[in-house]
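Dock chain B against the given chain A, drawing on the hints supplied.
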Amino acid sequence: MPLNIRTYHELTEPDRSGLPSQITAQRRRVAARLGGVGRVVAVMSGKGGVGKSFATAGLGQALARAGRTAGVLDADFNGPTIPALLHIPVARCTVHDDAIEPALSPEGVRCFSMALLLQDGRPLGFRGPEAESHVWRETLEAATLREFLADVAWGTLDRLLVDLPPGIQRFQELVDLLPAPPAVLTVTIPTAESRDAVRRAMQFARERGAELLGVVENMVEGPFTGDAGEALAREFAIPLVARVPFNPDLRVWDQLAQRMMSSS
Amino acid sequence: MKFLCVECDRQMLFEERQLPGDGTLAAAFRCPQCGRAVGLLTNPMETQLVASLGVKIGGTTIEPQPLETVRGMVTTGRDDAFEDGTGETGKGKCPPPAWSLEAQERLARVPNFVRGMVKKIYADYARERGIGEITPAVMDSARSELGLEGM
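Residue numbers (the working numbering), protein chains in the order written: chain A, 1 to 264; chain B, 1 to 151.
Worth flagging that the hints you see were computed from the coordinates, not collected in a lab. Ideal Cβ positions, reconstructed from N, Cα and C, are used throughout, including at glycine.
Pairwise CB distance ranges, derived in the manner of DEER restraints:
hint : chain 1 : residue 1 : chain 2 : residue 2 : range
1    : B       : Leu13     : A       : Ala32     : 27 to 35 Å
2    : B       : Asp84     : A       : Leu11     : 37 to 45 Å
3    : A       : Glu10     : B       : Asp84     : 47 to 55 Å
4    : A       : Arg127    : B       : Leu41     : 16 to 24 Å
Taking beta-carbon pairs under 8 Å as the criterion, some of the chain B residues facing chain A (in silico):
hint : residue
5    : Leu53
6    : Gly58
7    : Asp84
Okay, chain A solo, but in the shape it has when bound (with noise of 0.2 Å):
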């Protein structure tokens, strides 16, 4: 005679555990820190080495030069390099009962990253079990982002730029995290094999609902040769926002900060 086995919710007793209601206010813990936040934008590439952290850095300085409040959060955990783009000295992070402060650039620009918490020269490194540790290592990289985004004090800001790494498992994770998809600021270098690599994040960015603000080619009239820039914002029927050459002045920067904060 089989078990008299019921549902989870014929059983009618609270869970005291209540999982999904502890996921539900660490999502909503994320909103009420965003709330002040016009707008979260995803700079993003499928390509490694095309200047993202450079050109979110730039985009990020000179919108505080526009007198714009912006914030930068590094989610490369693994190759943080947005407080040194910034000029910010790794320093004590304080923390309140409720956050933790962001660190402020020279111009203003509110960061937070690894690099401001781990030691000099050492890789990102948790307490686990070594064994099998792809599985769960990636949740908690996921649970960082998380806690970068509802656990600073972010405050007040007209842009909140999130520097990602290469690929696309951390817009991912972004877009799980927030309550609405982020606008996304695609970066290029002007080559065909980088061109085919953004264009598969940006239809993945846009499959997942994101707005595609428009393309920033970097490191054009240089060694590269090619005009991805122009056909992904063809092929996207985007704007190219910027053509960044090597050792862009500060022009190119505030030029794009006022697209950026031109639109919506």
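Leaving out everything else, chain B in the frame of chain A:
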């Protein structure tokens, strides 16, 4: 997750959580009718996955601490990464609890990267329960009751 006492056809109720060692998380449930208790034991990988999600089996009563998962799980953090700001002494008007020598020694073994947060969690736990002195036994109770698997 819920547990059913099949013989009584009653939902078993969460009773307590323990961290018996070896990366095991134990959660005990008891049938309100026949009194039978069962223990859910997670292996280290399962414990790690739960901690990685930032959730607590059995729930928790304390507010999340800023960067709780990061500070609890990162092993390569700088010793001087954090400093306490205003408001770190906790909520309410009760005076902060004292720390026994043994508890202070145990706290000193916690890496600096996470020590400030751990100290605050224990202090809040003691304050909420009217405990005047934090001892290793109080720390053990707090760890299991609050679900500090990741710390």
